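> Chain by chain, the residues:
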Amino acid sequence: MVDLIAYVVLLPLFGFLFNGLLGARIRSEKVVGMVGSGVVGLSFLLAGLIFFHMLALPVEERPQVVHMFRWISAGTLETQVAFLVDQLSILMVLIVTGVGFIIHVYSIGYMRGDPGYWRFFSYMNLFIVAMLVLVLADNFLLFFVGWEGVGLCSYLLIGFWYDKRFEKATTSDAANKAFIVNRVGDFGFLVAMLLIYVTFGSLNFGSVFARANALSVGETSLILITLLLLIGATGKSAQIPLFVWLPDAMAGPTPVSALIHAATMVTAGVYMIARCSILFALAPATMGIVAVVGALTAVFAASIGLVQNGIKKILAYSTISQLGYMFLAMGVGAFTAGMFHLLTHAFFKALLFLGAGAVIHAMQEEEDIQRMGGLKQHLPTTYKTFVVAALAIAGIPPLSGFFSKDEILWNAFNQGSWFLWLMGALGAVLTAFYMFRLVVLTFEGSPRYDPAKVHPHEAPKTMTVPLIVLAVLSVIGGFFGIPYSLGGGNLLGQWLEPTFAGASEIMRLPTPEVHAIEYVLMFFSVALAAVGIYGAWKVYLKRKELLPRLVSQYQRVYDLLWNKYYVDEIYDVSIVVPTFKVSEKLLWRGLDVLVIDGAVNGIARVISIVSMVSRRVQVGVAQTYAIVFVFGIVMILAWLIL
Amino acid sequence: MIPLNYYLALSALLFTIGVVGVLTRRNVIIVFMCIELMLNSVNLSLIGFSAFRGDATGQILVFFVMVVAAAEAAVGLAIIIAVFRNKQTVNIDEINILKW
Numbered sequence: 001m002v003d004l005i006a007y008v009v010l011l012p013l014f015g016f017l018f019n020g021l022l023g024a025r026i027r028s029e030k031v032v033g034m035v036g037s038g039v040v041g042l043s044f045l046l047a048g049l050i051f052f053h054m055l056a057l058p059v060e061e062r063p064q065v066v067h068m069f070r071w072i073s074a075g076t077l078e079t080q081v082a083f084l085v086d087q088l089s090i091l092m093v094l095i096v097t098g099v100g101f102i103i104h105v106y107s108i109g110y111m112r113g114d115p116g117y118w119r120f121f122s123y124m125n126l127f128i129v130a131m132l133v134l135v136l137a138d139n140f141l142l143f144f145v146g147w148e149g150v151g152l153c154s155y156l157l158i159g160f161w162y163d164k165r166f167e168k169a170t171t172s173d174a175a176n177k178a179f180i181v182n183r184v185g186d187f188g189f190l191v192a193m194l195l196i197y198v199t200f201g202s203l204n205f206g207s208v209f210a211r212a213n214a215l216s217v218g219e220t221s222l223i224l225i226t227l228l229l230l231i232g233a234t235g236k237s238a239q240i241p242l243f244v245w246l247p248d249a250m251a252g253p254t255p256v257s258a259l260i261h262a263a264t265m266v267t268a269g270v271y272m273i274a275r276c277s278i279l280f281a282l283a284p285a286t287m288g289i290v291a292v293v294g295a296l297t298a299v300f301a302a303s304i305g306l307v308q309n310g311i312k313k314i315l316a317y318s319t320i321s322q323l324g325y326m327f328l329a330m331g332v333g334a335f336t337a338g339m340f341h342l343l344t345h346a347f348f349k350a351l352l353f354l355g356a357g358a359v360i361h362a363m364q365e366e367e368d369i370q371r372m373g374g375l376k377q378h379l380p381t382t383y384k385t386f387v388v389a390a391l392a393i394a395g396i397p398p399l400s401g402f403f404s405k406d407e408i409l410w411n412a413f414n415q416g417s418w419f420l421w422l423m424g425a426l427g428a429v430l431t432a433f434y435m436f437r438l439v440v441l442t443f444e445g446s447p448r449y450d451p452a453k454v455h456p457h458e459a460p461k462t463m464t465v466p467l468i469v470l471a472v473l474s475v476i477g478g479f480f481g482i483p484y485s486l487g488g489g490n491l492l493g494q495w496l497e498p499t500f501a502g503a504s505e506i507m508r509l510p511t512p513e514v515h516a517i518e519y520v521l522m523f524f525s526v527a528l529a530a531v532g533i534y535g536a537w538k539v540y541l542k543r544k545e546l547l548p549r550l551v552s553q554y555q556r557v558y559d560l561l562w563n564k565y566y567v568d569e570i571y572d573v574s575i576v577v578p579t580f581k582v583s584e585k586l587l588w589r590g591l592d593v594l595v596i597d598g599a600v601n602g603i604a605r606v607i608s609i610v611s612m613v614s615r616r617v618q619v620g621v622a623q624t625y626a627i628v629f630v631f632g633i634v635m636i637l638a639w640l641i642l
Numbered sequence: 001m002i003p004l005n006y007y008l009a010l011s012a013l014l015f016t017i018g019v020v021g022v023l024t025r026r027n028v029i030i031v032f033m034c035i036e037l038m039l040n041s042v043n044l045s046l047i048g049f050s051a052f053r054g055d056a057t058g059q060i061l062v063f064f065v066m067v068v069a070a071a072e073a074a075v076g077l078a079i080i081i082a083v084f085r086n087k088q089t090v091n092i093d094e095i096n097i098l099k100w
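Chains as they are written, first to last, in the working numbering: chain A, 1 to 642; chain B, 1 to 100.
Keep in mind the hints are simulated off the structure, nothing from the lab. Model, not experiment: these values are computed from the prediction. For glycine and all other residues, C-beta sits at the position ideal for the given N, C-alpha and C. A few of these clues could be false.
As the list claims (entries may be wrong) - FRET-style restraints, in silico, Cβ to Cβ:
| hint | chain 1 | residue 1 | chain 2 | residue 2 | range |
| --- | --- | --- | --- | --- | --- |
| 1 | B | K99 | A | N601 | 53 to 63 Å |
| 2 | B | A71 | A | S73 | 53 to 63 Å |
| 3 | B | K87 | A | V617 | 18 to 28 Å |
| 4 | B | A71 | A | V595 | 22 to 32 Å |
| 5 | A | L642 | B | N27 | 43 to 53 Å |
| 6 | B | Q88 | A | I627 | 49 to 59 Å |
| 7 | A | L642 | B | N5 | 32 to 42 Å |
| 8 | A | G598 | B | A71 | 48 to 58 Å |
| 9 | B | R85 | A | V617 | 25 to 35 Å |
| 10 | B | F52 | A | L642 | 23 to 33 Å |
| 11 | A | V630 | B | R85 | 27 to 37 Å |
| 12 | A | V630 | B | K99 | 15 to 25 Å |
| 13 | B | Q88 | A | G598 | 48 to 58 Å |
| 14 | B | M1 | A | I627 | 36 to 46 Å |
Could you build the full structure based on these sequences and the hints that come with them?
The structure is reproduced here in structure tokens:
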């Protein structure tokens, strides 16, 4: 039964090959779209079957390894292509294929008429394959294949409209930026992998974690490995300091932003930490850094989101901020809470992006929310689903975001410190504010676009149905993890508990008996969300005259946020420009032209000079040669005899 | 019975004459003949050894050498004729185009 997992991966691969090889010939968008999303849907069904099969098994029999074939066998390194099907990976598989399927269906409508229709679907299927390899890998090397694979697909899809302009450059530049920034992280991951092999003599998850358990907590090698893994995670999951690529990744088509840059790929870093929970639990110092990075990113990105005007840009910063929450959860050892937030975030953030796509579609490629407004009567379905998602992300009960975010905040307070909780709470109020600023400026009020030129209209069925499905999921998604304190069973927690048992045992986290503080914190965070929503509604709808006053009063802060804390500029000055300068002046004109070319050309010149002289030896008279010949033989004979 | 040394001395003498001829004479045909002389001097020493050791292998080898030499003589003379038709000379100093 569990062996079916191979087909979960192979089906999208078939879709990729089919659309990639034949798509251009078929010319039928219907066939391409049906195959492209159909294979992902089938994958989802198979994964669901496996999930229910696992549900029926006793807990200790649930994790299984499905061997495919031996991949690399060199000396002591023995790597299998094998899929690890356990509670954690099957959850990710369900998210990837489920949300992936919905977004594929949405793309059928969204990408209609695009000349690269088949290309889009084949890339998307390839992405699903790579992501599934990533989450199902049973060793670090195969994991890395998936890790790089999703990076590649991300690159291909960000630059999908490669001839289109994006901000000051082209989408290709945005794609390059994403790829190069990710390489920094990948480098960290690669070195970590080498260190793991040196330390543990294996790359297999099972044996590495078993051997790691024998080490003492806080071993230097463990801290080094986990720090390097963290660098990898910050690259892929867009955390400080490597988050700069994600806002630019919005250059790609909107379904790509929804699938890759919100719901699935960017959570790979979080998944990796969850997968290596034992290694991280054994390195408390790294855990502290993970938590702080997450908390800082959550507030940092949310504050930038406050003032941006691009609809997708705001959502991008929101994604960074929410990923920060997941890192915060991982950092305080609340792995389940982090995975729970990953699940609910996949629902509501995908929904927000798809909703934004519907708006952009309706506004004829307009992305600036300052030139929108009053769209709710033109796009009723989009409006309703968007508000559901916004409420969910803001953390209003009983929507999904409330449960997951609250569990993170509570764990941050309980197992971390008041500082982490404070950052989380601050992030929550900012989130509520920027989300409803977005909702109000887009859908409420009066139109600020030119009604003579733009005629907003609701999106086709293939786009609205996915919105509705995701809206339902955003509402009920939280019910999988209602905490005990609210009378729920925390189903997700129970499901994932065996996976994280090892890490929890090492960390010996306190289990609180009294729920009083939890209730207070819960009430507090809901109140904060309400304040944020009310504030946005007040400033952007009811009393617009407040806005210019606020802006001029805090001009400095506003400028800082508007320019995204000048991070891009700082990186430009400190890294990009020096790299270019060094590359051009030193490496190109210095090293390449002078040293390398000089050496190669110099050798050639020396040889040609020597030849000019030595060729005179060849006079063309056969007898001269014969004399040399005989002389040589005589010399050899003399040497042999004497 | 003539001692082996006599054969070897004659062979060495013929070989040396051949080498000197190849190196000093200018007429291609004579050079060519000198090469043949060298070949046959070697044949002579082979036969000498063969008779001395009472082993027929050397004589068999000589037959092979003679067959090859016959073929080589045909090819060599053909080349000389071809060169002569082109350059109207058999002087080896004037056939010197094989150079830089």
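> At the C-beta level, are R85/B and V617/A separated by a distance inside 25 to 35 Å?
holds, 30 Å
> Do the Cβ positions of F52/B and L642/A conform to the proposed distance bound of 23 to 33 Å?
Roughly 26 Å apart at Cβ, these two residues keep to the hinted range, so it holds.
> That 36 to 46 Å hint for M1/B and I627/A (C-beta), does it hold up?
Holds - the Cβ-Cβ distance for M1/B and I627/A, about 39 Å, lies within 36 to 46 Å.
> Holds or violated: 48 to 58 Å for the Cβ distance of G598/A and A71/B?
holds, 55 Å
> Return holds or violated for the Cβ distance of K87/B and V617/A against the range 18 to 28 Å.
Holds - the Cβ-Cβ distance for K87/B and V617/A, about 24 Å, lies within 18 to 28 Å.
> Quick check: does the Cβ-Cβ distance between L642/A and N27/B fall within 43 to 53 Å?
violated, 36 Å
> State, for the Cβ atoms of L642/A and N5/B, whether the hinted interval 32 to 42 Å holds or is violated.
violated, 22 Å
> For the range 48 to 58 Å, tell me whether the beta carbons of Q88/B and G598/A fit it or not.
holds, 52 Å
> Please test the hint of 53 to 63 Å on the beta carbon pair from K99/B and N601/A.
At roughly 28 Å between Cβ atoms, N601/A and K99/B fall outside 53 to 63 Å, so the hint is violated.
> Honestly, do Q88/B and I627/A meet the 49 to 59 Å range at C-beta?
Cβ of Q88/B to Cβ of I627/A: about 26 Å, so the range 49 to 59 Å is violated.
> Given the hint of 15 to 25 Å, check if V630/A and K99/B actually sit that far apart at their C-beta atoms.
Holds: the Cβ-Cβ distance is about 20 Å, inside 15 to 25 Å.
> For the range 53 to 63 Å, tell me whether the beta carbons of A71/B and S73/A fit it or not.
This hint holds: roughly 57 Å between Cβ atoms.
Hint compliance for this structure: hints 1, 4, 5, 6 and 7 are not met, and every other hint is.
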